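> For the record, the sequence lines run as chains A and B.
Residue numbers for the first sequence follow the working numbering, so the first one is 1 and each next one is one higher.
Residue numbers for the second sequence follow the working numbering, so the first one is 1 and each next one is one higher.
The reader is advised that the hints may include incorrect statements.
Copies of one chain are not kept apart here, so a pair can be met inside one copy or by any two copies together.
Lysine to any residue pairs mimicking SDA-like chemistry, simulated, CA-CA at most 25 Å apart [stated by the list, open to error]:
no.	residue 1	residue 2
1	64	176
2	241	163
3	64	204
4	297	39
5	64	285
In case anyone wonders, no lab produced these hints; they're calculated from the structure.
As the structure is a prediction and not an experimental result, all values here were calculated from the model.
There are 2 protein chains.
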Amino acid sequence: MGGDHGPLSTIPAAIEAVSENPLLDLVLVGDQQVIEKHLLDHHALHHPQLTIRHASQQVLMTDKPSVALRSKRDSSMRVALDLVDNKTVEACVSAGNTGALIAMSHFVLKMLNGVERPALISALPTTAGSPVFMLDLGATVNCDSDTLFQFAVMGAVMAEEVEAIHQPKVALLNMGEEEIKGSDQIKRTSLLLSECADINYIGYIEGNDIFSGKADVIVCDGFVGNVALKTCEGVAKLIIKRLEHALKNSMSAHLFGWMIKPLLKSIGTGVNPDHYNGASLIGLRGIVVKSHGNATKDAFLSAIRQACREVERQVPVKIKDRLEHVLIEKA
Amino acid sequence: MGGDHGPLSTIPAAIEAVSENPLLDLVLVGDQQVIEKHLLDHHALHHPQLTIRHASQQVLMTDKPSVALRSKRDSSMRVALDLVDNKTVEACVSAGNTGALIAMSHFVLKMLNGVERPALISALPTTAGSPVFMLDLGATVNCDSDTLFQFAVMGAVMAEEVEAIHQPKVALLNMGEEEIKGSDQIKRTSLLLSECADINYIGYIEGNDIFSGKADVIVCDGFVGNVALKTCEGVAKLIIKRLEHALKNSMSAHLFGWMIKPLLKSIGTGVNPDHYNGASLIGLRGIVVKSHGNATKDAFLSAIRQACREVERQVPVKIKDRLEHVLIEKA
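For reference, chain A alone in the conformation it holds in the complex:
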């Protein structure tokens, strides 16, 4: 039910997802009448891989997380997470309110042993071609060094399992590359990572190298990650405006319109954690994928595929195993 387009995006995406993957069963959680109407429109009302689970409420984009948690116990979001919790399903995909999804997931699914706080992680493009996994993008605001260390371990597991990157290079986002730079918790985290044989820690990285491919995993606290990536959207808008102006009276204005502007927009929104598709909420005892709010059918489909990949690779189990191993090594 969530996101700007609700079932207009999610239901066609669900239909395509099951038709490309015969092993996939999807439970569509939300207003039964609305879902049935959309399925009917797509001639898929009795599709054998699609089940409807009615939920009488809906978390709105304007709902405060605390309010959603208290008063929306029969919302599509909450019911979907309950289905993950009681093992009826193996993953939840939502395009709804990010803050509410984080709070509810944390409350319903609980943290994995050894993880204190959840993190939002996303694969971002780099100039080197291979993606970089960045976390946290806004789930946890105040991170101590233990939390950042756990994020580093979780990020490495994601890079290995989801993108099959062998011994992923893990970096800490900092304001300089020298050892003396940064806050105390960054320095402590750096020390913890240097001492950990299981992590291929390459040291600090600066904002200008996020997209350079130097690192496969970049770790930062949720505040910094969120601001950094939203800033990318801002700068992409600025660049669009400047180029539009520069090319206004040029013969190539049409080229700008059909080629450059869409590309810039895709980069701008493609690196925004609210917009990038298939950001995963990790550290929990279950799989939760956050699709962006204004996801089109294709974007929501890619979030469903991301959830399938995490189910196949059993990401939460792998994270739990790795953390246990790392903690034994440390002890």
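The hints should help you fit chain B onto chain A, whose structure is shown.
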């Protein structure tokens, strides 16, 4: 002596600055022989507005701030700051090591009454046309709410005095626009600013709105500001690479080369605090302008002009007066 080009940039810039401004006297601090040679090359050895002040040492870009502070007491940077301190000159402009300049400026010039920590501030471009002043861009890593509040007051004074913006709109950089978002120190700062009648506080702003013109002044801690702006450089590089690839086989590849690429580069580096020209270190009992390390003659000239503007507008005095006024109002 500082920066990638040293006197090759700074001396021609100094000569042009004094020739465009008959009221300006510049003291060139550094290796006397080297400076004389460059002045001779430009037929300006005995220019009446240019004086040389010999300094036997030089802070290197690789020097740690603490080491520079202890062992480079006759460096061009240190001597220039001493000249500000003893009122021989009214401002210092440097293209040298940023960390060393912050540490030395803090040590030599001391803080203004009412200011706890220095901030690096820069005017950045917006899509609305008018610039936005953003601080701190990396001078102070851990900021409590009092420090962020002082930054807001200082930023407002800069916007008023340097850009003549009446009642500048001041915003706090946060990961959401809702009151409940963000860290405790951000929330406390927001409360302090809401209660201050002297500040036109407009609330939280997100990274995607830094360049939108919504705010005239954006306040954040030095870690977040530094990462956010360096990320802009990273994303500009990514966009250049993507566009290059997309346009490779197109008729318009030449357009990309001569028009789009330089524009993207200028935006990417133009918003990087290490590169943007005329970032000011404020909160001190003297005027210090940081030119970027790879400044060309024109870029260093613009940093000198920025220093002149701050001298004319007596920015440190205005900051001190405003802070005293605000603190009296608060009491």
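> Taking the earlier hints as the rules, which of them does this structure contradict?
The structure breaks none of the hints.
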